[in-house]
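S.K.: For reference, the chains in residue letters:
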Amino acid sequence: KQEVTQIPAALSVPEGENLVLNCSFTDSAIYNLQWFRQDPGKGLTSLLLIQSSQREQTSGRLNASLDKSSGRSTLYIAASQPGDSATYLCAPSGNDMRFGAGTRLTVKP
Amino acid sequence: GAVVSQHPSWVICKSGTSVKIECRSLDFQATTMFWYRQFPKQSLMLMATSNEGSKATYEQGVEKDKFLINHASLTLSTLTVTSAHPEDSSFYICSARGQRGATETQYFGPGTRLLVL
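Those protein sequences? They're chains U and Z, same order as listed.
Letter 87 of the first sequence, counting from 1, is numbered 249 in this note's numbering, and no numbers are missing.
Letter 101 of the second sequence, counting from 1, is numbered 99 in this note's numbering, and no numbers are missing.
Be careful, since some hints might not be right.
[What the hints assert, rightly or not] These stretches of chain U come out as covered by chain Z in the derived footprint (C-beta under 8 Å, 3 or more residues): (1) 189 to 197; (2) 201 to 210; (3) 255 to 266.
Honestly, the hints are just simulated from the structure, not real lab data.
Cβ coordinates follow ideal geometry from the N, Cα and C atoms, glycine included.
Isolated chain U (complex conformation) (with noise of 0.2 Å):
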């Protein structure tokens, strides 16, 4: 069974900053991996897909790596603004698609 970890649990920093949520899972044949934001109260906004072929994409001031061997992904935030504040999740996709615990952000003006 997929096991996902998301160090840290919580994260607090100034509006800026640079910052990296790790992620890593225990099973690596899987199909992609997706980074989603969650905001209070609300479902899931998907930020990345990465492909098991792939080493990283981006998206606008977001960057996510994966290196399926070592099971590990990493989402790298540039530039932190107050309006992204929210819990950050990866969840692996093989056989089936389990979540980490998540990454609680704030980014405080």
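Add chain Z to chain U, keeping to what the hints say.
M.R.: Frame of chain U; chain Z shown alone:
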């Protein structure tokens, strides 16, 4: 636009009633659908995985007779919470995976918030 829809988006019901939630893939055929639930301040927990035409595979601790999953077509899966109780109040999210164009892809529905009184 949305590629996976869920209906209803929220429901309030009395204890003991059954509630059906629909999950539809709108412009692709979903060979696999996943159902999750999320309790307040917790992450999403996988409940079951279903492949079209097959019985769902339930996660440990999820009662298959209480949470009935039907994936009878490539665009529709339903989750029925039978004899719902207050402890079943949660946010239920489905996800559909399949070929969309040339790419194997996966999308999440917007979720259904269930409150059992």
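S.K.: All hints are to be evaluated individually against the structure, with a verdict given for each.
M.R.: Results for each hint:
1. 189 to 197: holds (count 3)
2. 201 to 210: holds (count 3)
3. 255 to 266: holds (count 9)
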